[in-house]
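Q: Residue numbering for the sequence shown follows full-length UniProt numbering, beginning at 1 and increasing consecutively.
Hints were generated in silico from the structure; no laboratory data involved. Treat the hints with caution; some may be incorrect.
Here are the simulated DSBU-like cross-link-like pairs (lysine-lysine), alpha carbons at most 35 Å apart as the crow flies [claimed, not checked]: (1) Lys-433 / Lys-372; (2) Lys-226 / Lys-433; (3) Lys-417 / Lys-287; (4) Lys-345 / Lys-417; (5) Lys-217 / Lys-372; (6) Lys-683 / Lys-629; (7) Lys-397 / Lys-134; (8) Lys-217 / Lys-287; (9) Lys-369 / Lys-397; (10) Lys-293 / Lys-263; (11) Lys-417 / Lys-433; (12) Lys-263 / Lys-345; (13) Lys-485 / Lys-630; (14) Lys-645 / Lys-629; (15) Lys-645 / Lys-630; (16) Lys-485 / Lys-629; (17) Lys-217 / Lys-134; (18) Lys-217 / Lys-630; (19) Lys-217 / Lys-263; (20) Lys-433 / Lys-485; (21) Lys-217 / Lys-433; (22) Lys-226 / Lys-417; (23) Lys-59 / Lys-397; (24) Lys-226 / Lys-397; (25) Lys-293 / Lys-226; (26) Lys-433 / Lys-59; (27) Lys-263 / Lys-294; (28) Lys-59 / Lys-226; (29) Lys-372 / Lys-293; (30) Lys-683 / Lys-630; (31) Lys-417 / Lys-369; (32) Lys-700 / Lys-630; (33) Lys-345 / Lys-294; (34) Lys-345 / Lys-226; (35) Lys-217 / Lys-417; (36) Lys-369 / Lys-294; (37) Lys-485 / Lys-134; (38) Lys-372 / Lys-287; (39) Lys-645 / Lys-852; (40) Lys-217 / Lys-59.
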Amino acid sequence: MSWLFGCVAGWGSRSGSGSGAGSGACTARSPLVGFSADLSMGLHQLRGRITILDDCTFKVENFDMLPGNQVFWWAAKGESVMEMLTGVVVSPAPLSRLYSNETFQVRLDNVSWEGISILGVWSRETATDYGHVKLQAVTDPTPQATVFPNMSSQEQSSTPAPGPQFERSPPSSGGDASLTWKDDRAHPSGGSFLRAVRKGAAQPTMFENCLELSAGKVRVRWTVNKDNSTVDFGLEAAVPRSMYIAFGFVDPAAAVEDDLMRKSDVAVAGYAADTLFVSDYFITDYKDCQWQKKPVVGICPDAALHGSNNRDRRSVVDNVQLLYGHHKDGILFARYQRPVVSPDKDFDHDIDLTSERSFVWAIGPLRPKEGKTPVTPVYPGRKSGVDYGFGNITLGKFNDNCVGPLNASFMYSSHIKTARRGVPLVVTSGPSKDYPNPPASDRSLFIDGVETPVLQVERGVEIMFSVEAGHDVPFYITPDPVGGKWNESELVLAGGPESSGVHTSPYAMTWTPDAHTPNPVYYQSLTGKKMGWLIEILERGLPDMYQSRAWLSNERVELFWTVENDSIALAAQAAQPCGYLAIGFGSGMVQSTVYVGWIENGSGNVQEYWIDGRTPSNIHPINEGLVAKKVSVDDNFFTMEFERKLRLPKSRNTIDTQFPVKMIWAIGDGWTSGELTQECQHKEMSSSVTLVDLQMGFSKPEQLQPVFAVHGFMMFLAWGVLLPGGVMAARYLKALETQSHPLDLTTFHAKCGITAISLAAWQPLNAWMRPRRPSAGEPPQTLRVVWQFVHMYSGRTALVLGGIALLSGLMALADREELDYVEDLRWALIGYFCLLLMVFVYYEYRLRQNRKRQRSVESRPYSWTQNTSKRQNVDEDDRVQLLQGRWDTMLHGQPDVHDGSRPGPSEIQIEALNR
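Generate coordinates for the entire structure from the input sequences, incorporating the hints supplied.
A: Written out as structure tokens, the structure reads:
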């Protein structure tokens, strides 16, 4: 591309490198200096005027553009696809933000004007021409043709509006070119103006005047052609392709504001059967056109009101002429021309250029053609300022209050085709007429008869194609927006040289976008560049992408997963809008590892964290080597996906799929990759823990383990009922006897009982004073060790003293009352204690055997499973699994086995990585 390189320049003032390498200032020797033209509109609502100031600098005025990715000023030798693809960047500064009526200068970088024919705006990411100008030497007497694609060649040649001529004066002493503009036309307001197009071709999207009708949504542009007494109007609105836009003038005799629309003369623009139309309408009543009535009434075309079906007659009464139109970036645009004085005196109003006139505008849906009834605009209703409005305007007076592009909530300019499961998509080819990603080739691919639609597919769902585009048009799918295998390193996802066929012998092709398929991708042909277009992958196909699925608690978040070899792929989907979604392994967010997905600055993020507290400072990012991270928002679903290893090297933070895992979730309004604040607090979270069986593929809410339930009931019965009841009976039931007995605390029985009761009463207070449990890997505090010792031995002492109090009480009762059966009660109580001792010895023996087996497999990698109670230290109560079976495991947990040094496989041991 040596034809482009020469001048070294950049952004800044005009004192830079000249056309010759190493020169100190830009000269003005190029024949292009002084050239000025408007940018064509390709995509992203590009508008603006380019003027070449000198050999290294050009000026951009009134520049509008929607944001894009990898967008730069671009130079090429010609307008063909290959010439545009092989162009070069002329300035390193990207054009990635929103531009609104801005003016600035650009200096060339390692490029000279020599050999450049095209200067424009180009997206390197999608190989898209946003718009450009075709350069021409100032001294070239041949005018560039003003091309309005919707006009015939005869109409174009007869279109007046010649641009003004200008002369270029000799360069000044500073080396800059002074431009002296001449304009032989007078502005209708009495002043003078510089016409928008001076030397380059007139662009149909550029006008001299603009008026905002509805803020950011509807505009009207116009240019007065005084030479032939016509006015060019441009209507643009942020509406879908199925709607219309109308603009016109009210009856000058109308006096009542509520009746301004009646007898209005309007032009209606829209699409009928994928063809843009502009027609002359007249409003006789506030209703849709009543075609069955004679004469017709409502919002009807002038030709229908005249009752004429003759083509020549319609050309007389339909006094608006379509010049150009498109639907791009969600914007409907139509340029049409109408005479100042109309020959139709019945249903047209003449235009007064010098006086203020009232106008009406409207947007609304189009009722499709039914039988002989043509496409009909639907009456917009009575929502003033939204679906229609009124205003005043003086066409001959300069007016421009439009700033920046319109706001469209939908960006696709082409049709959208949704693939259905089991239904083949028919792929054909034909001449390119409405290619959505300029520049276009001569031929395009058609899907089900529609030229290059946006194809929407679901990830994980098989897509079927019936390729009938011709034996010379092999079909394939690729991440490359250009196609045609012009890039040797291009990745082919499906199809290839053999994927071609015709209608009588189609080629059947299938393709399934999996979890690793990028989004978006493109359908293309191997034999032509830019013949196909976009495939948008929707993330609603999660059930088809993953092997298992289960709802977490509250059924607000659904979990999907697939276990393959040593990895697990996880997806969590919240069935409601939210700012972020978090899932975690464990019984609570504190002391657990969580995975958070959120969208920040338009891009999805997934990050793992270790949480050891309840404040933002206790949330620590860690690194578990997650891959295939993805966050998407579609309709009312928020989806987070990632993949991780089951066993992480040099870490206990591993997943053992043999045991169910405990899972929790939370959602909130916003998250950030920077410093977290209280604004990141969750707004909703799981009310309980969900046990998920990763192998069997189902989930169950965590329930209270029977061991704990039995323990709690027995504790209540012993310490809450029996012990206090015995004390109260010994003290107060004596009142039933005839003689009272004073309280005697000097006996051995009383001392044992009082001490046991005191220790029992101490236990709740001791639990309330329990020190904080240490974090994973943190040594226990001295106070925690002391508390553990006191808690353990005070309970055991109370148990022993309670038994002694029972025996001593029976002995005291026998001495006092001389009852014969007291001796039998004593031996029964001793037998009961012996039975308890045997049960204790048996379970202690099982516990020690389990510990011995655990020590024999210490070399086995550790795992953490959330099916058990979370225990970070060995200070919790030792227990043994009493029930067997897989679901018993989910309900009761695995046996806890401790040797005082290392956790067994039944514990949750989560250790932060890279904290």
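Q: Which hints from the list above does the structure break, by number from lowest to highest?
A: Violated hints (numbers, rising): 4, 9, 22, 25; every other hint is consistent with the structure.
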